[in-house]
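Colleague: Below are the chains, spelled out letter by letter.
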Amino acid sequence: MRMIALHLAVLAVLAALQFVLPAYHHTNAARIMVLATYAIGFNIAFGYSGLLSLGHALFFAGGMYATGLLVDQGGWQPWLALVAGPLAGGALAAAVGLLALRTAGPAFMIVTLMFAQAFHLAILYWGRFTGGDEGFTLSGAARRIGAFDLADPATRYTAAFLLFGAAMLGCLALARSRTGRVLVAVRENEERTRMLGYDTFRAKLFALALSGLISGAAGATYGLMFGYVGGSFASIQYSILPLIWVLLGGAGTVLGPLLGTALMFYLIDWASSVTTASQFVVGAVLILLVLFAPRGLLGLVRDHAMRRLP
Amino acid sequence: MEFGPFLLLAVMEGLVGAAVLALTASGLSLVFGVMRVVNVAHGEFFMLGAVAAWFVSQWVPGPPGLAFAVALVACPLLVAGLAALADGLVLKRLAYEPEATIIATIGLLYILQQAALSLYGPEARPVPPPFEARLQLPWFGWSGYKLFVIGAAGAVLAGLWLLLSRSRIGLVMRATQVDRETATAFGIDVDRVYAATFALGAGLAAIAAVLIVPIQQAHYLMGGDPLLLSFIVVVIGGLGSLRGTLVAALLIGLSDGVISTFFEPTLAKILATLLVALVLVFRPQGLFGARA
Amino acid sequence: MSLLEARGLVRHFGGLRAIDGVDFDLAPGEIHALIGPNGAGKSTLVGLLSGRIPAQEGTIRFDGRDITRLPAHARVRCGIAYAFQITSVFPRLTTFDNVALAVQRAGARNLAAATGAALARVGLEAEADRMAGALSYGHQRLLEIAMGLALEPRLLILDEPTQGLAAGEIEGFKTLVRGLVPRVTVLLIEHNMEVVMDLAERITVLNNGRVLAQGTPAGIRADRAVQAAYLGG
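Taken in order, these protein sequences are the chains called A, B and C. Throughout the first sequence, residue numbering follows UniProt numbering, covering 1 to 310 in sequence. Throughout the second sequence, residue numbering follows UniProt numbering, covering 1 to 292 in sequence. Throughout the third sequence, residue numbering follows UniProt numbering, covering 1 to 233 in sequence.
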């Protein structure tokens with residue numbers, strides 16, 4: 001009960017923040033919430049189920065491009081395209097999973113990396129439709145859903161908040177559910193889980209597809225909110241970023257993705273203001289985390305203070 | 001040009017690519033074979049070798065041949081030293097746990113790339129070849145330096161093969177590859193073997209880069225393609241099998257020219273990445289390696 | 001009518017004939033022990049029965065149904081539970097979660113109550129909130145058995161269950177197993193001859209991948225071939 005209250009309190013703070021934040025941080029907060037949703041999606045595969053994918057950009061960008069292309073070139077209603085984005089992410093993840101989940105460990109990492117790389121290259125190759133590396137911008141009409149205009153900062157913040165809130169509460173429910181318990185068991189010891197009568201392949205496929213669905217939802221929303229769809233979102237960089245966010249905040253925790261995304265966002269923001277070598281920070285954080293805090297910040301909290309943190 | 005000479009030219013150009021690829025990929029293969037580490041930063045060691053060769057060509061006075069000779073010795077040693085440092089500071093502390101080391105080498109990739117950008121800059125810069133010579137064939141002329149690259153790579157690979165199969169160091173490496181615990185029990189200092197292997201792997205990539213940089217310019221982002229191609233070669237040749245790696249490097253290096261005449265380079269890359277993924281899923285022992 | 005009926009099972013590893021034409025039956029409600037010297041093929045046979053290792057030849061029927069091609073997890077659902085030789089509970093999950101995984105597989109409505117009951121059955125109810133990895137060795141073995149039982153199996157395979165247990169704990173274990181039959185059939189792979197002779201109603205002796213002898217404890221004790229091959233005759 002206390003744990004549910006804690007998570008609701010975090011959401012309440014996020015809802016209240018929009019009234020006090022100055023414009024710059026207001027936009028940042030909206031961006032962080034959408035990216036943290038992506039991190040939540042990644043965390044369901046990596047943190048809860050032990051599936052370390054290096055190709056999640058495929059699902060994020062897949063959702064973004066599905067929605068963006070449908071609304072920009074397919075002439076779909078924005079709300080309908082926004083529904084198609086997550087579905088595209090989920091379907092891509094299921095398709096990748098059917099193949100990649102026959103492997104494990106480093107092979108799984110390389111296979112997912114290669115599929116994402118092929119998708120990135122495909123976006124560059126079919127530049128006539130996708131705009132190649134530069135991508136394309138979305139018109140004002142494409143970003144209006146009914147009476148809500150996503151170009152308006154307040155609406156944008158609300159949309160980001162709703163998306164993040166839904167993903168976070170969904171993740172919380174999953175973590176406390178029977179399915180969540182099975183996913184954790186698969187992460188801890190797959191062979192033992194199988195001998196308890198669970199089809200672990202199906203469990204992992206479910207986790208990856210759900211992870212892809214949430215990642216796709218984040219990508220689709222990001223595209224509509226900021227009016228831009230670009231090739232860089234499909235690059236390996238965007239597969240590594242959610243890994244960093246989740247590692248930093250704490251893999252297998254509900255709040256870790258938000259904490260990690262926000263910290264990393266402002267760390268890079270700060271680093272770029274004092275030095276041009278912001279990539280250095282990314283690399284250093286990765287190495288320091290695997291060396292000294294492989295369970296992340298909330299992992300430390302869980303180990304030492306709140307054992308029941310979901 | 002007629003078909004025969006054209007094919008000959010394609011094969012010769014392909015051999016240059018294959019030679020450099022074989023060197024780079026054998027480094028990656030060695031590290032994976034002995035240490036079970038997937039080194040994502042391998043391409044950056046290649047890039048560092050090329051960038052360092054450019055610095056040497058600026059600092060060493062006299063004929064380009066001298067600077068090249070210095071670079072061919074000093075750059076691989078420098079890169080190998082860096083790799084040994086990374087092994088001791090990071091990989092060893094992770095106990096070579098496969099997933100953690102992949103994450104760590106990704107971090108290393110970012111750091112090395114940023115270091116090159118900050119110290120060397122975003123420009124692509126040429127390095128003069130050690131000698132100017134033209135090989136005049138009846139149908140076309142060819143750079144004598146390219147012939148040298150093929151020969152030098154062949155010599156290094158032969159040396160590597162001798163080192164691994166005939167020397168005590170090679171025996172120790174193979175023993176460690178088969179069983180870490182037993183190797184330790186027999187008094188082998190596994191930590192030192194791992195550091196040496198990681199350094200050797202990186203050094204091979206750096207040698208390849210020093211050889212290729214007079215043909216291809218040095219640039220801080222040049223590590224991506226060798227990494228991808230080495231991955232393809234190592235996976236298709238069979239993870240950790242040096243012989244399979246060499247065969248695959250020859251095949252892919254040679255067919256690269258042929259493939260890129262039929263497909264656009266981007267399309268060829270798409271097909272190649274998908275091929276790697278599918279080989280790993282359906283034939284993890286490689287396309288032509290015997291079962292591990 | 002047998003609960004489990006295996007015919008002509010074969011499993012080779014490279015040139016090694018781990019199991020080489022074994023017929024094997026389990027009667028409903030019996031306690032059956034599988035013994036044999038190291039390398040006789042006990043673990044392989046149990047792997048074939050539980051589905052962890054696919055059979056190369058032969059058939060396995062369980063409760064009249066052919067399960068030869070069923071994957072391991074599907075056999076668990078048919079009612080074959082396997083408790084691991086080396087303790088393999090989930091050390092970083094709580095004792096409660098370990099058992100709950102098995103309880104929810106069996107389809108319990110009230111998870112908390114059913115899990116509590118399953119823990120109480122082996123006397124671990126006080127340890128529910130502790131990490132399984134922090135339990136004593138004996139308690140981890142009990143937890144392993146609790147997980148097997150919570151699956152509500154019709155056949156429970158116990159692989160070396162008393163290994164590493166103290167004498168007092170072995171007595172408790174025997175009482176526990178006796179209380180299971182005849183509702184559950186128990187297949188026991190055991191090195192401790194005292195436990196085998198005391199618990200088992202029938203014994204199968206494996207040697208070099210084949211069945212050497214089968215019978216009651218008294219019959220096995222008297223068997224010349226068994227004495228020669230195994231008991232050190």
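Rather than coming from a laboratory, the hints here were simulated on the basis of the structure. In this text the structure is predicted, and so the values were computed from the model without any measurement. All residues carry an ideal CB built from backbone N, CA and C; glycine is no exception. There's no promise every hint is true.
What the hints assert, rightly or not - One-sided excerpt, in silico: chain C residues whose CB lies under 8 Å from chain A:
id	residue
1	Val76
2	Phe90
3	Leu93
4	Gln104
5	Arg105
6	Ala114
7	Arg154
8	Leu180
9	Val181
Unchecked claim - Far from chain A, some chain B residues (derived; all Cβ distances over 10 Å):
id	residue
10	Phe3
11	Met12
12	Val90
13	Ala100
14	Ala104
15	Tyr110
16	Ala175
17	Arg192
18	Phe231
19	Leu251
20	Lys269
21	Val276
22	Phe282
23	Pro284
Colleague: Each hint needs a verdict: does it hold in this structure or not?
Modeller: Structure-based check of each hint:
Restraint check, valine 76 (chain C) versus chain A: the minimum CB separation of about 3 Å is within 8 Å; hint holds. With a cut of 8 Å, the hint placing phenylalanine 90 (chain C) at the interface with chain A holds, because the nearest CB-to-CB distance is about 5 Å. Satisfaction of the interface hint for leucine 93 (chain C) is found here, the shortest Cβ-Cβ separation to chain A being roughly 6 Å, below the 8 Å cut-off. At a threshold of 8 Å, the smallest CB-CB gap from glutamine 104 (chain C) to chain A is about 5 Å, leaving the interface hint in force.
This hint holds: arginine 105 (chain C) has a C-beta 5 Å from the nearest C-beta of chain A, less than the 8 Å allowed. Taking 8 Å as the C-beta contact cut-off toward chain A, the hint placing alanine 114 (chain C) at the interface is violated, the least distance being around 12 Å. A cut of 8 Å between beta carbons decides the hint on arginine 154 (chain C): the least distance to chain A is about 13 Å, and the hint is violated. The criterion of a C-beta within 8 Å of any C-beta in chain A is not met by leucine 180 (chain C), whose closest approach is roughly 18 Å, and the hint is violated.
Because the smallest distance between the Cβ of valine 181 (chain C) and any Cβ of chain A comes to about 22 Å, over 8 Å, the interface hint for this residue is violated. Non-interface status of phenylalanine 3 (chain B) relative to chain A is upheld: no Cβ of that chain comes within 10 Å, the nearest being about 29 Å off. With a least beta-carbon separation of about 28 Å from chain A, methionine 12 (chain B) lies farther than 10 Å from that chain, consistent with its non-interface assignment. Residue placement check: valine 90 (chain B) does not keep its beta carbon more than 10 Å from all beta carbons of chain A (closest about 6 Å).
Residue-level check failed: alanine 100 (chain B) sits 5 Å from the nearest beta carbon of chain A, not beyond 10 Å. With a cut of 10 Å on Cβ distances, alanine 104 (chain B) falls inside the contact zone with chain A, its closest approach being about 5 Å. Separation of tyrosine 110 (chain B) from chain A is inadequate, the least Cβ-Cβ distance of about 3 Å not exceeding the 10 Å criterion. Distance check for alanine 175 (chain B) against chain A: the nearest CB is about 23 Å away, which clears 10 Å, and the non-interface claim stands.
Every C-beta of chain A lies more than 10 Å from that of arginine 192 (chain B), the closest at about 21 Å, which supports listing it as non-interface. With a cut of 10 Å on Cβ distances, phenylalanine 231 (chain B) falls inside the contact zone with chain A, its closest approach being about 7 Å. For leucine 251 (chain B), the shortest C-beta to C-beta distance to chain A comes to about 19 Å, beyond the 10 Å cut-off, and the non-interface label holds. Consistency note on lysine 269 (chain B): stated as away from chain A, yet its beta-carbon is not over 10 Å from all of that chain's, at 5 Å minimum.
For valine 276 (chain B), the requirement that its beta carbon stay farther than 10 Å from each beta carbon of chain A is not met, with the minimum near 5 Å. The Cβ of phenylalanine 282 (chain B) does not lie farther than 10 Å from every Cβ of chain A; its closest approach is about 8 Å, which violates its non-interface assignment. Remark: the non-interface label on proline 284 (chain B) conflicts with the geometry, its nearest Cβ contact in chain A lying 6 Å away (cut-off 10 Å).
When the structure is compared with the earlier hints, violations turn up for hints 6, 7, 8, 9, 12, 13, 14, 15, 18, 20, 21, 22, 23 and for no others.
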